[in-house]
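Colleague: These are the residues of each chain, in order.
Number of protein chains: 2
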Amino acid sequence: MNIITISREFGSGGRELGKRLADHLGYDYYDSEIIAAVAKNSGMDADYIRTLGDDGWQQYPITFRSTLGGTLYTQSNKVQLLLEQKRVIEGIAALGKDCIIVGRNADVLLKKYQPFNIFVCAETETKLKRSLERAPEGEQLTEKQLRRKLKKIDKARAQTRALLSSSPWGQRKEYHLTVNTTGWEIKKMVPAVADFAMAWFGRME
Amino acid sequence: MNIITISREFGSGGRELGKRLADHLGYDYYDSEIIAAVAKNSGMDADYIRTLGDDGWQQYPITFRSTLGGTLYTQSNKVQLLLEQKRVIEGIAALGKDCIIVGRNADVLLKKYQPFNIFVCAETETKLKRSLERAPEGEQLTEKQLRRKLKKIDKARAQTRALLSSSPWGQRKEYHLTVNTTGWEIKKMVPAVADFAMAWFGRME
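Note that the protein sequences, when read in sequence, are chains A and B. Note that the first sequence covers residues 1 to 205 in this note's numbering. Note that the second sequence covers residues 1001 to 1205 in this note's numbering.
Since the hints were derived computationally from the structure, they do not count as laboratory data. C-beta atoms are modelled at their ideal positions from N, C-alpha and C, and glycine is treated no differently. Among these hints, one or two may not hold up.
Derived pair list, reagent style DSSO-like, types lysine-lysine, alpha-carbon separation capped at 27 angstroms [claimed, not checked]: (1) A:K129 / A:K111; (2) A:K173 / B:K1144; (3) B:K1144 / A:K151; (4) A:K173 / B:K1097.
Here chain A is said to cover these stretches of chain B; the calculated rule only asks that three of the stretch's residues, wherever they fall, bring their Cβ under 8 angstroms from a Cβ of chain A [unchecked claim]: (5) 1016–1027; (6) 1130–1139; (7) 1143–1150; (8) 1189–1200.
Computed list of chain A residues with no C-beta within reach of chain B, every gap over 12 angstroms [unchecked claim]: (9) D28; (10) N77; (11) Q80; (12) K129.
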């Protein structure tokens, strides 16, 4: 079984790369599927969980102040969410099928399966442009607000990872490949990224 | 003309990757050739310059204390060396031939040519093992000394780069691709790295 994990800066196109890579390789693909599964398991509403997702952890584990009102009840939902995500990701791996998992610290959670771990980054201007093009229905952020959102979400991702692992988020040594999408049409890099992952999985041959 | 630059942590195998990539692509290859050329231009002895090379800049530009005796004369040789390296690298680009340049901040110096810029890293244990296997004739360092040497050389590279550019050494956004050689037999990743570079140069087609 080959597992490819993709960690990414918000707005860098990691999700698109993951989906295209899965299509290219014929692998199963997971990201929002995970959230839905978590929702199902935890009995929480998928949209509500999406608001928690990677992006709702700014203050965690530094403090228990919640981004959703600061009640310990909400906080406990967050802990429950991470725990369910962990179970779901382990469940996906247990299926034994080749797959690509975007986000959710799958590289850390599935370490024993020796996944090929990719980190996707881009220059801030690239991420701003991408985020504007893909803004959720009705989201109207100023550029300043959007810049703040980018930082906030990546900080949240770094902190969630810090909770699960001593391996720092985004540090080059923690991934097999770090890809900068600035200047790329992402679909054009897909075959090369796929070649790289296949060379890794086949390196002992 | 396609230019591929390789920056690397000491002991990560960046030089081997560069040489193999050049063989694979049929590109010209430069690293020690640059030193020799500099030596020729500057009238300094190649071995002497090698001792200055990337690796002799620990204190520069932080202080003028020289690693070779602290005379301004020696220091002026270092400035001269960087200047000559710059001229030589610009001269290589001016040849207009596809090439790979390892080290010497070619990615910064040749920015206007839009090179494909690779950074090569590895886990410390990997670099220690590699450095031991490839230690210069007669070098007998303890592991502790070798660990110190790794840090010292990379610090020197970061400082030399800081002298030439505001783009931080090793920062993921500053390169197109960051490759971790840990766990690889480097020759096995060469075709994928080549594909990646070719996809970059061909991305507008």
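Colleague: Now tell me, hint by hint, if it's right for this structure.
Modeller: Hint check:
no.	hint	in the structure
1	A:K129 / A:K111	33 angstroms, violated
2	A:K173 / B:K1144	21 angstroms, holds
3	B:K1144 / A:K151	38 angstroms, violated
4	A:K173 / B:K1097	33 angstroms, violated
5	1016–1027	violated (count 0)
6	1130–1139	violated (count 0)
7	1143–1150	violated (count 0)
8	1189–1200	holds (count 9)
9	D28	22 angstroms, holds
10	N77	33 angstroms, holds
11	Q80	33 angstroms, holds
12	K129	15 angstroms, holds
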